[in-house]
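Trainee: Each chain, letter by letter, is given below.
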Amino acid sequence: MITKRIIPCLDVKDGKVVKGVNFEGLREVASPVDLAKYYSKSGADELVFYDITASAEGRALFTDVLREAASSVFIPLTVGGGIRSVADFERVLSCGADKVSVNSGAIANPSLIKEAAQKYGNQCVVISADVKRVNGSFHMFAKGGREDTGMEAVSWIKRCVDEGAGEVVVNSMDMDGVKKGFDLELLKAVCAAVDVPVIASGGAGSVADFITLFKEIPDIDAGLAASVFHFGEIAIADLKKALAENGIPLRI
Amino acid sequence: MIAIVDYGVGNLFSLESSLKRVGAETVVTSDRAVIERAEKIILPGVGAFADAAKKLKESGLGDVVKAQAALDKPVMGICLGMQILFEKSYEYGENEGLGLLKGNVVPMKGYIDENLKIPHIGWNTLRFVRKNPLFKYLKNGDYVYFVHSYFVSGCQDSLIADTEYGKPLTAAVAKGNVYGCQFHPEKSGDVGLKILQAFCEL
Chain A
558 MITKRIIPCL
568 DVKDGKVVKG
578 VNFEGLREVA
588 SPVDLAKYYS
598 KSGADELVFY
608 DITASAEGRA
618 LFTDVLREAA
628 SSVFIPLTVG
638 GGIRSVADFE
648 RVLSCGADKV
658 SVNSGAIANP
668 SLIKEAAQKY
678 GNQCVVISAD
688 VKRVNGSFHM
698 FAKGGREDTG
708 MEAVSWIKRC
718 VDEGAGEVVV
728 NSMDMDGVKK
738 GFDLELLKAV
748 CAAVDVPVIA
758 SGGAGSVADF
768 ITLFKEIPDI
778 DAGLAASVFH
788 FGEIAIADLK
798 KALAENGIPL
808 RI
Chain B
256 MIAIVDYGVG
266 NLFSLESSLK
276 RVGAETVVTS
286 DRAVIERAEK
296 IILPGVGAFA
306 DAAKKLKESG
316 LGDVVKAQAA
326 LDKPVMGICL
336 GMQILFEKSY
346 EYGENEGLGL
356 LKGNVVPMKG
366 YIDENLKIPH
376 IGWNTLRFVR
386 KNPLFKYLKN
396 GDYVYFVHSY
406 FVSGCQDSLI
416 ADTEYGKPLT
426 AAVAKGNVYG
436 CQFHPEKSGD
446 VGLKILQAFC
456 EL
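Top line first, the protein sequences correspond to chains A and B. Numbered by the numbering used here, the letters in the first sequence go through residues 558 to 809 in order. Numbered by the numbering used here, the letters in the second sequence go through residues 256 to 457 in order.
One or more hints might be untrue.
To be verified - Residues on chain B that point at chain A, a partial pick, calculated with CB under 7 Å:
{"hint": "1", "residue": "S269"}
{"hint": "2", "residue": "N379"}
{"hint": "3", "residue": "Y398"}
Note that these hints are calculated values from the structure, not bench results. Predicted, not measured: the structure shown is a model, and the values here were computed from it. C-beta atoms are modelled at their ideal positions from N, C-alpha and C, and glycine is treated no differently.
Isolated chain A (complex conformation) (with noise of 0.2 Å):
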């Protein structure tokens, strides 16, 4: 049987960890290789890495991070940010990622989507939602969830998805950094929505809520989180196991 999935993200800037929350104060955490490692001995499933430099020396920087990570850690890994050409693509893949997710490339250039898909097969293409309540509807934001591009997100991810992306991760701007658990209402919206795996991203604060989250949403493939992980909050063994012990099927 398939198992649910748990995944770290890790938000590297200049090679570094770090994690903002509500996509502010960004605070330093490890060395993403280090980090990137422990995970996987804890257990991790996949890894998401995201790169959330703007400038071409922290971007080289990353590219450095990830052939490392890739070279000493044997899971798949996914890699977003400042994804915009089908040669970004290339670029990290070459370093080592196996799937690449993109948020405002897509926006900005809809057709991404399908040239990737075609050219890396849809299992390579990651659509990432940053995804807020705007006047009582889903409005997907762009650029690192600066700036509310008015447009219905489930719409939209079903477009994507239409395109040729062979996954979604639903990151709930929302709940992001609240832990006050996941936006089981939004993520139902976009289950019901696509018939691709969905990753549920933001509010993540105790084992309870991933319990209701697979609990909740029996179509949710896997939940991403990064600091109650990297602040050792919920450790990925403990939460694997109480996960089984409720019932949902993991990789232990």
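Guided by the hints, dock chain B onto chain A, whose structure is given.
Mentor: Using the frame of chain A, we list chain B on its own:
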């Protein structure tokens, strides 16, 4: 020396790194002479069958792999590289594979339950069907990482392990010196490394 056949499909960085990790000497190559000199051959691959089969054919590397397999050299296909070892694929039309193993590549759609997602992405268990040296460091039920929408059917004579996704799907095959994994050993953590190590020790 293990030759990883580079025919222009897929990311070989992780595969090369994982083989290095288990102490293997590897070379990523599209050079016929290098492949012929290698002790073992790995045929990787991601993407679409038709495109990969065409590239193997046009480059002549498919024939090189076939000839080397006929000389009893261990050959292992991974993911799409495993599917290409078989006779035929029905992914976007009908396309010929290398025909080293008996069986065909068919869509999961229409075979597995409708409510299951395709592709089959994630960690799933291996269920041993036959004993094989590839599994010498593994135990039945170990988890490996899959990403695929098509699977090999009609390969009873080479099937060594399957996995359960609503229905049984071919996970690993072996016949003589020809091996294949539908999953990605280079992405399957310690379990995957143990499979690669076992292949290196053949």
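Trainee: Please go over all the hints and tell whether each is borne out by the structure.
Mentor: Now for the hints, and whether the structure bears them out:
Evaluation of the S269(B) hint against chain A yields a held restraint, the C-beta minimum of about 5 Å falling below 7 Å. Given the 7 Å rule on beta carbons, the hint for N379(B) holds: about 5 Å separates it from the nearest Cβ of chain A. Proximity of Y398(B) to chain A holds as hinted, the smallest CB-CB distance being about 4 Å (cut-off 7 Å).
Violation of the numbered hints given earlier is absent; every hint is satisfied by the structure.
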